[in-house]
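Position 129 of the sequence shown, counted from 1, bears residue number 129 in the numbering used here, the numbering being contiguous throughout.
The hints are simulated quantities; they were obtained by calculation from the structure and are not laboratory data. Since this is a predicted model, take the numbers as computed values, not measurements. It cannot be assumed that every hint is accurate.
Heads up, simulated DSS-like pairs for lysine-lysine below, C-alpha to C-alpha not over 27 Å straight-line [to be verified]:
no.	residue 1	residue 2
1	K250	K223
2	K241	K353
3	K427	K454
4	K281	K259
5	K206	K414
6	K187	K131
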Amino acid sequence: MATVTSNTHSDMTVCSICLERYKSPRYLPCTHTFCHPCLLSHIKSSCAHCSLPLGFPCPLCRTFVSAPGNVGQFTSEEWADRFPENRFMSSVTNKCEPCNIDGDDKPASGWCRDCSEALCEECLQWHKKFKPSRNHEIVPFTEGAIPSTSTSSLDMCEDHEGRKIEMFCESHLAPCCVLCVTTEHGKCKSICSIEEATDKVIKPGKVKRLRDDVDRLEVMLEKVITEERANIQEIEDVADKLGEEISGAKAAIIETVTKLEEQHLNEVGKATKDAKAKLQKSINNFEQRQCYLRHWKEIFGKNLLTDGSLKTIVALSYTKMERIFQTLREMEMSQLRFGIQAKIQDDVKKLMKLPLLAEITTNEHKSPVMLDEIDIENAEINVISEFTIDGASFTGGVYLQNGELVLADNINKKLVHCRTDGEILRKMPLRGSPWDICVNEENDIYVTLPKKKKVLVISIDTFNTTKTVEVDIECRGIAQSGNTIALGSINVLEVLSADFRKCRSSSDVKGLYDVAVDMEENIIYSSYSKHKVWKQDREGNVLFTYSDTELQHPYGLTVDRIGNIYLNGNSSNNIHILSQTGKKLRILNDVREPQCIKFQENTHRFFVGEAGGRVKIFEFIA
């Protein structure tokens, strides 16, 4: 990030970042001026770690500077170009221009906007006294800050540079310049002056509501920032703990290996000592025999070589040597040879080949931030649309990103793509009866075909099947969140990974039709025959069950963005709304034989498919 040297010099023509004379100086709303290249570099470094940068701090005063234009209108690389050029600093010489004409080199202390001249203190005093220049606007030189020379950006059109906002379109609630009115709002009939808009459009009640909404948003953002900062501390604490654990494991391994090494060396030493002792004993025995043999060999030789030896002495020596030879030869002779081996244990070899001491995994979980939270228990709910497609039976469906619907017509073996007013856009015949639909991470849709034991992957753009996945069960309900896919059959719940690898299954629920997966990848499923709903975590532990006398034959369920559960009572003609923990929040009764239900992402809007091809769109109102 660009750093700013403390500005103690008096030369106001020098950029406080590069400490060189200004090159295409640009000034910020906080009135500080910087070279265009320096400002661009600072913006890039400040926004490098933001997915959607909205501004940056001034390099000098650290005041937050909002991005030019509307959110996302310009890239951060374009921002520096959008800030006005400081022509004042481009032309100022930091010397008094009138005095300079006379050859005096006096420092300037102010700038006359009307005359576009730098003036020293003395010339400024005369400038204020002369009648022609008495009312001229004088800008004093301050350390690094030059007052803005343009109108407030709020008064200027963001689409047409240099145009002042003068009008207001009541139809679009948009401020306009003259060009905006002619090019974009020519057909709008409710155009008034910007002054009239204050009284006609911006009522006091609206101002209060907006201020309250802004305050709530600010509190929510502060809450998210606080929690994410706390999460940083948490992961640092976990990192320290993991470091301590691995250090402890290392110390324990070293201690164990050291003890085993000592034991091993003791065993090697004992084996060596025993072998040496046995070998030495054997050597001693053979040395005894050798010495004994040499002794009598010497005597026998002397008796044979002595001149005039008596024949009796020779005979006796011979028989003695013969007896000794036979005795020694008949003695047991076994040559000892010892070898010591050590077989390294397989566990030790595995330890030497160990690729890592611990497997590190990071679980990243994104949950939507509720900026417009409403009280589900007490909020008003409206039916904003209702239509019927004759002859259809919708057992499943889903919202697309653009707010349109794709519905599974089980009876007629097809998918119906329509708007929320019932206008049919496309139909897709299938070789089987579809049951349920969900959107995957790539924004394609999964469609279950129970009788075929298949899941179709269909491109939303082309409405063509791109892949067919064979499964083990007659899959009806399907839902996905993150890396978890849940499939529901009549009696089986299967949990799969995102690539359809089987993780686990359970077959202890009878009459299971529909499933849902919340943002934390918990799984919710219901039993049509037992009039009951379950919620379990990713490991299969049941978190809660729910049943109610007013819930009959649950048929279709979904979750909203904060994990509240919406459960159709097909025979009881109602919708039960549960909290994340299974608490009943309320029951909606404005439905008849509901079969499927799904929420539109990041809204308080959901549709319900009823028997007979009826579809209703509901919305909670804060």
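Quick one: which hint numbers does this structure break? Sort them smallest to largest. 1, 4, 5 and 6
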